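Kindly produce the complete structure, drawing on both the sequences and the hints.
Just so you know, the sequences run in chain order B and C. Residue numbering for the first sequence follows the working numbering, starting at 307 and increasing by one per position. Residue numbering for the second sequence follows the working numbering, starting at 10 and increasing by one per position.
You may find that some hints are simply not true.
[Stated by the list, open to error] Taking CB as the label site, the calculated pair distances span:
{"id": "1", "chain 1": "B", "residue 1": "Phe357", "chain 2": "C", "residue 2": "Thr175", "range": "34 to 42 Å"}
{"id": "2", "chain 1": "C", "residue 1": "Pro273", "chain 2": "B", "residue 2": "Arg579", "range": "53 to 61 Å"}
{"id": "3", "chain 1": "B", "residue 1": "Pro353", "chain 2": "C", "residue 2": "Asn183", "range": "35 to 43 Å"}
[Said to hold, decoys possible] Chain C regions said to be covered by chain B (calculated; three or more residues, Cβ under 8 Å):
{"id": "4", "segment": "109-115"}
{"id": "5", "segment": "267-274"}
{"id": "6", "segment": "296-302"}
The hints are simulated quantities; they were obtained by calculation from the structure and are not laboratory data. Note that the structure is a prediction, hence the values are computed from the model and not measured. Glycine included, each C-beta is placed from N, C-alpha and C at the ideal position.
Next come the chains, spelled out residue by residue.
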Amino acid sequence: MTVAVTTRVDDDLRKALTNRSRPSRPSALSTSFTFGWRALLKIKHVPEQLFDVTLFPIMMTLIFTYLFGGALAGSTTEYLQFFLPGILVQTVVMITMYTGVGINVDIAKGIFDRFRSLPIWRPAAVVGALFGDAVRYSVAAAVTVGLGLVLGFRPAGGVGGVLVAVVLLLVFSFSLSWVWTTLGFVLKTEKSVMGVSMMVLMPLTFGSNIYVDPATMPAWLRAFVEVNPVSHLVSAVRGLMHGVPNWTSVGWVLLASVALVAVFGPLTMRLYRTKQ
Amino acid sequence: MTSDLAIEASGLVKLFGDMRAVDGVDLAVPAGAVYGFLGPNGAGKTTTIRMLATLLIPDAGTARVLGHDIVSDADGVRSRVSLTGQFASVDEDLTGTENLVMLARLLGYSRGQARERAVELLEAFGLAEAADRLVKTYSGGMRRRIDIAASIVVTPDLIFLDEPTTGLDPRSRNQVWDIVRALVAEGTTVLLTSQYLEEADQLADRIAVIDHGKIIAEGTNGELKSSVGSGSLHVRLVKPGQRPEAEHLLRRLLDTTVTPDSDPAALTAMAGDAEQVALALAELTRSGIEVAAFSLGQPTMDEVFLALTGHPAEEHEEVSA
Chain B
307 MTVAVTTRVD DDLRKALTNR SRPSRPSALS TSFTFGWRAL LKIKHVPEQL
357 FDVTLFPIMM TLIFTYLFGG ALAGSTTEYL QFFLPGILVQ TVVMITMYTG
407 VGINVDIAKG IFDRFRSLPI WRPAAVVGAL FGDAVRYSVA AAVTVGLGLV
457 LGFRPAGGVG GVLVAVVLLL VFSFSLSWVW TTLGFVLKTE KSVMGVSMMV
507 LMPLTFGSNI YVDPATMPAW LRAFVEVNPV SHLVSAVRGL MHGVPNWTSV
557 GWVLLASVAL VAVFGPLTMR LYRTKQ
Chain C
10 MTSDLAIEAS GLVKLFGDMR AVDGVDLAVP AGAVYGFLGP NGAGKTTTIR
60 MLATLLIPDA GTARVLGHDI VSDADGVRSR VSLTGQFASV DEDLTGTENL
110 VMLARLLGYS RGQARERAVE LLEAFGLAEA ADRLVKTYSG GMRRRIDIAA
160 SIVVTPDLIF LDEPTTGLDP RSRNQVWDIV RALVAEGTTV LLTSQYLEEA
210 DQLADRIAVI DHGKIIAEGT NGELKSSVGS GSLHVRLVKP GQRPEAEHLL
260 RRLLDTTVTP DSDPAALTAM AGDAEQVALA LAELTRSGIE VAAFSLGQPT
310 MDEVFLALTG HPAEEHEEVS A
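Structure below.
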């Protein structure tokens, strides 16, 4: 049974194994960008995952504008002026939940172990994924605003107003994503991440001023709508797009963003470190 | 302790709920060799490795890997070791090249260097043709190779390979073994876990046997084998009907335990002395018991495992929490 072990190692293999020079550690930013690049490559290889950021906003905008527009605001064009900034917010806020799903899948598949065993700036894996998501959010925003313009949306705030509004929306979405990254670590399966995210997002988006003016709502609901950060975001985006900025709302949105990152950022990273 | 040790661990404990997944593991792994970590599923192999690779924080005990403490200097450990986990540790939705470029970039290579290194590794591992295919289309053997390639973008001083050949066909398994041998030849310490006794026997210089979270034996292959017994004599008879008679005779002549095998014509005697065995075999023939074949050898790792743990290595023990 003692077969002489032939260490037949070809030269390629030997050469490939003698690379002990370790380059200096890359910066936190460069590391995050590498993870962002990974997210973009995934979009390139599986372009279907852009369906939710292209078809979903188109469908929602068309359905609500033409189904309810006339009844709610007298005419569809009229309603669109009110509704488009709202549906833009809803679309982007809804797709933030895929961030948590993505992280959960990475953990389940085992690649997170690889990242965690590397000598890198640890939040980069999450921050980089969020960079990639920012691209998806931007696509969704561009599709929604583009469709709106075709349908007759005329923002008085001009290009500048629309751009500032979109940036504010991206800032909030980036901050909200940390809630889902936390969930992505806590929950066991991709489906449960999806389910819980939906349960949080549905009341946040529908219990807001996205679809209708809260004035007609019962008092208890109005109370909720008024403290809902999504309502502030919608007011801010609406104001900026229509050239009548509501700085109070902008302030609340920024405050909410800081609070979300301050709470869920460290929480995510703690879970990242201690994930079993 | 001296710096010749790549890993020194003492009293490592990891609890999952009230289950003691790892229950006081001590290790002294010499540098520059292959160290085999052997045990059935659920024995605590992976958990131990994950602690040593800084993915899990131990509940008790300490360990130093290449001189770095795994808790207080985890980054120091990470900068010198690599881990190839039991499950996919590359991104299935990217191509082979993209995976390696990504890792090279994360380790600080420039874009150009990263690409160069990726090409070099893919060629060395026989994956050049699959370089631009998504990893999810790779076969099991290719997957394992890209996993290992991803672990040695910068050749580590120590590499953890968690069940590197589980589920591979013999040819792919041999390829992985060649890579492991090449790694050691180039000076990397390898710690590999395995459920396969043959694998540990073939590759490892030293072996620790783990069961129920505890190390139950440790030593070179030879030491482990001789701790179980000097060796064994396997005899196969022409007529299965003569086995009880042969069993009786051998037991008397060799003064040792003789056990019938599952093959109705075969039996095994724990005996290592060649001269004694030759006489016993001659006595069998003289008594009219025809011997079809016999072999005398060191006990296999299977026998070692059985003797040490009281159950065969293949048994997949369900861990009762």
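Going down the list of hints, with the structure as the test:
| no. | hint | result |
| --- | --- | --- |
| 1 | B:Phe357 to C:Thr175: 34 to 42 Å | 37 Å, holds |
| 2 | C:Pro273 to B:Arg579: 53 to 61 Å | 58 Å, holds |
| 3 | B:Pro353 to C:Asn183: 35 to 43 Å | 39 Å, holds |
| 4 | 109-115 | holds (count 4) |
| 5 | 267-274 | violated (count 0) |
| 6 | 296-302 | violated (count 0) |
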